[in-house]
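Spelled out from the first residue to the last, the chains are:
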Amino acid sequence: MIDLLWDNLDYAASMVLFCIGLYAVITRNNLIKKFMGLNIMETAIFAFIVALGVVDGGNAPIMGEGAAKPFINPLPQALILTGIVVAVSTTALALSLVIRIWRQCGTIEADELREAE
Amino acid sequence: MKRALTLVLLVALAAVLLNAVADLPPHGSPDTPAYTHVGAYYLENGSEETGSENIVTSIILNYRGFDTNGEVTVIVTALMAVIAVLTGVQDTGTQPDAEVIHVAPSVVVRFIVRVLAPFILVFAVYVILNGHVTPGGGFQGGTMLGALAIALTLVLGERESSRLLPQRSLRVIQVIAPLTFVAVGLAGLFIWGDYLFFPRDEKLRGFAEAMLVLIEAGIGIGGAVVFARVFRLMGGRQ
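Just so you know, the sequences run in chain order A and B.
The numbers in my numbering rise by one with no breaks, and the one at position 18 of the first sequence is 121.
The numbers in my numbering rise by one with no breaks, and the one at position 157 of the second sequence is 1557.
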């Protein structure tokens, strides 16, 4: 088990990062910190999927003069580029909602907001 | 109590995840299923079929062009949502009267940003326009442009920084990414009969490259304007 994990250290690291992000989402009270945790989770998934495409000794998947095999799998990179942009969009929307909550309620602590209801 | 419960839950989750990860094919081996199916096809034929030497760009804009078309729409939709949430609503006045502190950036910061700005601009334009032959593209270069606009907004002060975004053409320019994408897609529809069709003929390779560059430029400018606008809206500006 440990040997297998050591071979897949990149994957294991992203899983640990994912759990750290989830911990922040669950335990933090501040909404901005919650969204930071969400971003950490997203980053962990991105790192995991990009790591899936890595090939030992691979080159960047750019053809033309001097391009030599093996190439790194371009598909995960393309998919994650899409994912990063969507993550940025959701983060922008989430932060603007936090600003709106601050303006209307004067706090962004989750428990105080619950009491205010 | 809550923290201990969370820790137990997360340790259980981590055990499941790590167990699953240990069963995956070894990291970096060229025999993984992800590498041997469609990815190999793209590497083999991508350059000839799409006119883009960078296979990542050829996947984003050609093989999975519909996906990216939706993606640029997502950015603009996010901007629209941010505008809807943050503008046009009166403060209800329940917020504590925290003193608004205006700290002007130090001389060092202002000087460094002003000195670096032209170089960042040139590099961003280079990354945008060379996305089909080198690492980069519209999103990457657009992020740099947006970061430049944000840095200048922080440094320049209210009146000068509002000139960074052309107010009159802002309505068009902030949706320019989906607009150019759809325009290029419709060009393919009218000339060759398929939405987002890129010519594969060797003689028309230059034309296909021009279409790619046009889309990249649209994404770059549109993305940068969206990022800068979101930042300014969050700071209470327009």
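Among these hints, one or two may not hold up.
Within a straight-line C-alpha distance of at most 30 angstroms, the following computed DSBU-like cross-link-like pairs (lysine-lysine) qualify [to be verified]:
no., chain 1, residue 1, chain 2, residue 2
1, B, K1603, A, K137
2, A, K136, B, K1402
3, A, K172, B, K1603
Residues from chain A that keep clear of chain B, each with C-beta distances beyond 10 angstroms, as calculated [to be verified]:
no., residue
4, L107
5, D110
6, D113
7, T130
8, K137
9, F138
10, F149
11, A150
12, D159
13, M166
14, A171
15, R203
Because the hints were derived from the structure by calculation, they are not lab data.
For each residue, glycine too, the CB sits at the ideal point set by N, CA and C.
Hints, verified against the model:
1. Proposed proximity of K1603 of chain B and K137 of chain A is contradicted: the alpha carbons are some 54 angstroms apart, above 30 angstroms.
2. Restraint check for K136 of chain A and K1402 of chain B: the C-alpha separation of about 17 angstroms stays at or below 30 angstroms, so the hint holds.
3. Between the alpha carbons of K172 of chain A and K1603 of chain B the distance comes to roughly 27 angstroms, so the proposed pair stays at or under 30 angstroms and holds.
4. Remark: the non-interface label on L107 of chain A conflicts with the geometry, its nearest Cβ contact in chain B lying 4 angstroms away (cut-off 10 angstroms).
5. The Cβ of D110 of chain A sits about 5 angstroms from the closest Cβ of chain B, inside the 10 angstroms cut-off, so the non-interface label is violated.
6. Residue placement check: D113 of chain A does not keep its beta carbon more than 10 angstroms from all beta carbons of chain B (closest about 5 angstroms).
7. In this structure T130 of chain A is not separated from chain B by more than 10 angstroms, as the shortest Cβ-Cβ distance comes to only about 6 angstroms.
8. Once the 10 angstroms rule is applied to beta carbons, K137 of chain A is consistent with being away from chain B; the minimum gap is 13 angstroms.
9. Non-interface call for F138 of chain A relative to chain B: holds, since the shortest CB-CB distance, roughly 13 angstroms, exceeds 10 angstroms.
10. Under the 10 angstroms C-beta cut-off, the non-interface status given to F149 of chain A relative to chain B holds; the minimum distance is some 14 angstroms.
11. With a closest Cβ-Cβ approach of about 12 angstroms to chain B, A150 of chain A is found to remain outside the 10 angstroms limit, as its non-interface label requires.
12. A Cβ of chain B approaches the Cβ of D159 of chain A within 10 angstroms, the least distance being about 4 angstroms, so the stated non-interface status is violated.
13. Annotated as non-interface, M166 of chain A brings its C-beta within 10 angstroms of a C-beta of chain B; the closest such distance is 4 angstroms.
14. Every beta carbon of chain B lies more than 10 angstroms from that of A171 of chain A, the smallest distance being close to 12 angstroms; the non-interface claim holds.
15. Listed as outside the interface, R203 of chain A is inconsistent with that label: its C-beta sits roughly 5 angstroms from the nearest C-beta of chain B, within the 10 angstroms cut-off.
Going down the numbered hints, you'll see the structure goes against 1, 4, 5, 6, 7, 12, 13, 15, while the others check out.
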